[in-house]
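Asks: The chain contents come next:
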Amino acid sequence: MIIHMDATFDRTDPFSVKQAKGLISEKEQPLCALCKGMKMFCGKERCPILIKFYAKLKNAPKIDATTIYGSAPGVFVGRHGYPMVSIGPLVPPVIGDTSELDTPERWIGKTIDDIVGFRSSLVRGMYKVNVRKPEKYGKIVENMALLSMAENPVDTNAEFFRKPSGRIELDDEVQPFGPSAPLKKADLGNFRLDNRIEKAYYDADLMARDAVLELYGNDTLVTRIQRAFSMGAFGAKKTRRIVPTRQSITAVDSIIGETLMDEVRTLPVINEYRVFESWQLDNRFIVLMLPEPWSYELVEAWYPDTVWNPAGREIMIISDAERFEGRTTYASIGGCYYAARLATCEYLLKEGRQAKVVILREAHSGYVMPVGVWNVRENVRAALKGPHEKFNTLEAALTHIQTKFDIPISRWTRNSFILKDSRFQRRLTDF
Amino acid sequence: MFKAVINAEVFKDAIEAVSTLVDEAKFRLTKDGMSARAVDPANVAMVAFDVNAKAFDTFEATEGEIGIDLVRFMDILGMASKDDKLQLNLNEETRKLEIRTGGLAYTLSLLDPSSIRKEPKVPSLELPAKIVLNGTELRRAVKAAEKVSDHMALGVQDKTFYVEAEGDLDKVRLEIPESSLVSLKSTGNVRSLFSLDYLNDIVKSLGKAEQVSIDLGSDYPVKFTFGIAGGNGTVVYLLAPRIESE
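Same order as they appear, the protein sequences are chains A and B.
For the first sequence, my numbering puts the final residue at 1880, and the numbers step up evenly by one.
For the second sequence, my numbering puts the final residue at 247, and the numbers step up evenly by one.
Hints are computed from structural coordinates only; laboratory data are not their basis.
Some hints here could point you the wrong way.
Straight-line distance between alpha carbons at most 25 Å, and here's what the computed DSS-like set of lysine-lysine pairs gives [unchecked claim]:
(1) Lys-1869(A) / Lys-144(B)
(2) Lys-83(B) / Lys-148(B)
(3) Lys-1869(A) / Lys-172(B)
(4) Lys-209(B) / Lys-1869(A)
(5) Lys-97(B) / Lys-86(B)
(6) Lys-1869(A) / Lys-148(B)
Now the in silico label distances, taken between C-beta atoms and shown as ranges [said to hold, decoys possible]:
(7) Glu-10(B) / Asp-1654(A): 56 to 66 Å
(8) His-1529(A) / Gly-168(B): 31 to 41 Å
(9) Ser-219(B) / Gln-1851(A): 41 to 51 Å
(10) Asp-113(B) / Thr-1552(A): 56 to 66 Å
(11) Lys-1633(A) / Ser-110(B): 18 to 28 Å
(12) Asp-1855(A) / Gln-212(B): 47 to 57 Å
Predicted model, so just to flag it, every value in this text is computed and none were measured.
Glycine included, each C-beta is placed from N, C-alpha and C at the ideal position.
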């Protein structure tokens, strides 16, 4: 009997994890059916389903066809079915300079509506390939590889087997995109390759790692490197393979970050405590730098009713850190860890200093849907470009941070390796 | 000049005492043996390592310093079998260390000693308590503490040595009375708190020692001393304490 009651309870409890997760995916919930985006039963400030709906409406008339002609700003490589994954262009129903649609570096200051709006106009073509044998598929895959290296968006005539369907796709790591359909063929207009990327592509002996670093050194945008990386454009010829977009993003963030870290470790330590901040999409970021040898941590606090804490009644805090020597295992909190680490190293290198860095992030309830790790990378970059406050003691810096955050410093400390280490661990030099 | 032969396992165990704490170290060579002093990048833990020439089958050296990448060195030592002999030979011209074991010949590039972090200043400490016990016991205590917390206390209360860890929910305590210890001397009650992150690294090597002596104070660094290489060498670890949190 008890089991039965529990089961019933589970079905009707709107806040059970299963149900709440449904808010992020496509399934309609009884709760939402009752609300219809009016009463906000789910507790979010704005209804995620409505946002998706509006975004879809804007383009609905244009996608009522099995072909789309538009300037494709990028490609997408899925991860489901690995090593058999779907690759294809992201095509908006517009001709012109659509590069902004796939350049997260330019999205700071945009609202969730803006981002979801323009990203949802990108129709994703899907063509199944084996990641290890891209050459087997001939022209179509080769074209996608070239498209991923293009300097500007490429005029693309995409033909699908059926009308593109589905709403905007959301993912914590990857930026959202619109409806999708199996790709029959894609004809590309004339275009130029980014000559820096082209050079690495035609170098059959250049290791992928070195290619990424060389491009980064040439001021190629990180997201551009990631795009070409996903289509297997780099590496010794025989080892090249297609990499799901999600993994490409973190691979590139991590490769560049590791190399920058090697340099950072040799630099002199900063002289004071520095506090930076950034506030975007209802995400508050505080970057605290301490005058101690390099070490890095990202601590994220998810408020109830945010994307990843939809069912919770309490703030959820997660974190991951590395000591001076670096890490060998994948960070438990995911790709955002590496994105923020890259942004941090860029700053320290520019300053010619090293520091111990802890990034505190409060994701508030206005952050209703995930938009990808670019959000973290660009936010930390933005914070570090801005002015900072200087303090002589850690306690003073923390007192200042407390005025910016709702969560008490004691709770941050309990969840932070670095704060615990700096506040409670004494040094041999103290004796 | 440096030329030596030693049992591979003995040497690997000895070097591991240093490699658990730092990735690279400067070894000082004299005609009487080799030694190293190193501190971790955060200045929390320090190791002093000394091996007497007697630990080696043959040992010849003139005064000098060599910088070793311990990660690569341990990798190579890991290739040797337990009973293999290890031949070490410093090539002065190329500044490389030639390592021969079980038919394998390695050449390890040395690091410029001046590029390695400076040797630490050893703090002078007068610690009121001295406990001597089997290394395995201490390793067991650290493993138990790790299950509930990220730090643990070492202390002496009324002639009993104790180890205690308290997490958000759980607590673990191990008490060893004087009768079960090799020896215990203390002028009063003491207690200091330490990070398990570091202790865990330290007990890897210390756990193999027959006898470990612990010098302990209150909110003061702890000093662990134990023998290596069959009594022909010693390792001393110093670990700074944590202060009790809010």
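Asks: Could you run down the list of hints and mark each one as holding or not?
Replies: Each hint tested on the structure:
Under the criterion of a C-alpha separation no larger than 25 Å, the hint pairing Lys-1869(A) with Lys-144(B) is consistent with the structure, at around 21 Å. Distance restraint check for Lys-83(B) and Lys-148(B): the Cα-Cα separation of roughly 32 Å exceeds the 25 Å cut-off, and the hinted pair is therefore not satisfied. Straight-line distance between C-alpha atoms of Lys-1869(A) and Lys-172(B) comes to about 19 Å, which keeps the hinted pair within the 25 Å bound. At roughly 30 Å between alpha-carbon atoms, Lys-209(B) and Lys-1869(A) are farther apart than 25 Å, so this suggested pair is violated.
Distance check on the hinted pair: Lys-97(B) and Lys-86(B) sit about 19 Å apart at the alpha-carbon level, within 25 Å; holds. Between Lys-1869(A) and Lys-148(B), the direct Cα distance comes to roughly 18 Å. Compliance with the 25 Å bound is thereby established for this hinted pair. The beta-carbon spacing between Glu-10(B) and Asp-1654(A), approximately 42 Å, falls outside the hinted interval of 56 to 66 Å. At roughly 39 Å, the beta-carbon separation of His-1529(A) and Gly-168(B) lies within the given 31 to 41 Å, and the hint holds.
The hinted window of 41 to 51 Å between Ser-219(B) and Gln-1851(A) is violated, with their beta carbons roughly 31 Å apart. A hinted range of 56 to 66 Å is violated for the C-beta pair Asp-113(B) and Thr-1552(A), which are about 44 Å apart. Range check, Lys-1633(A) to Ser-110(B): about 57 Å between beta-carbon atoms, so the 18 to 28 Å window is missed. With their beta carbons about 53 Å apart, Asp-1855(A) and Gln-212(B) fall inside the hinted range of 47 to 57 Å.
Violated hints for the displayed structure, listed by number in ascending order: 2, 4, 7, 9, 10 and 11.
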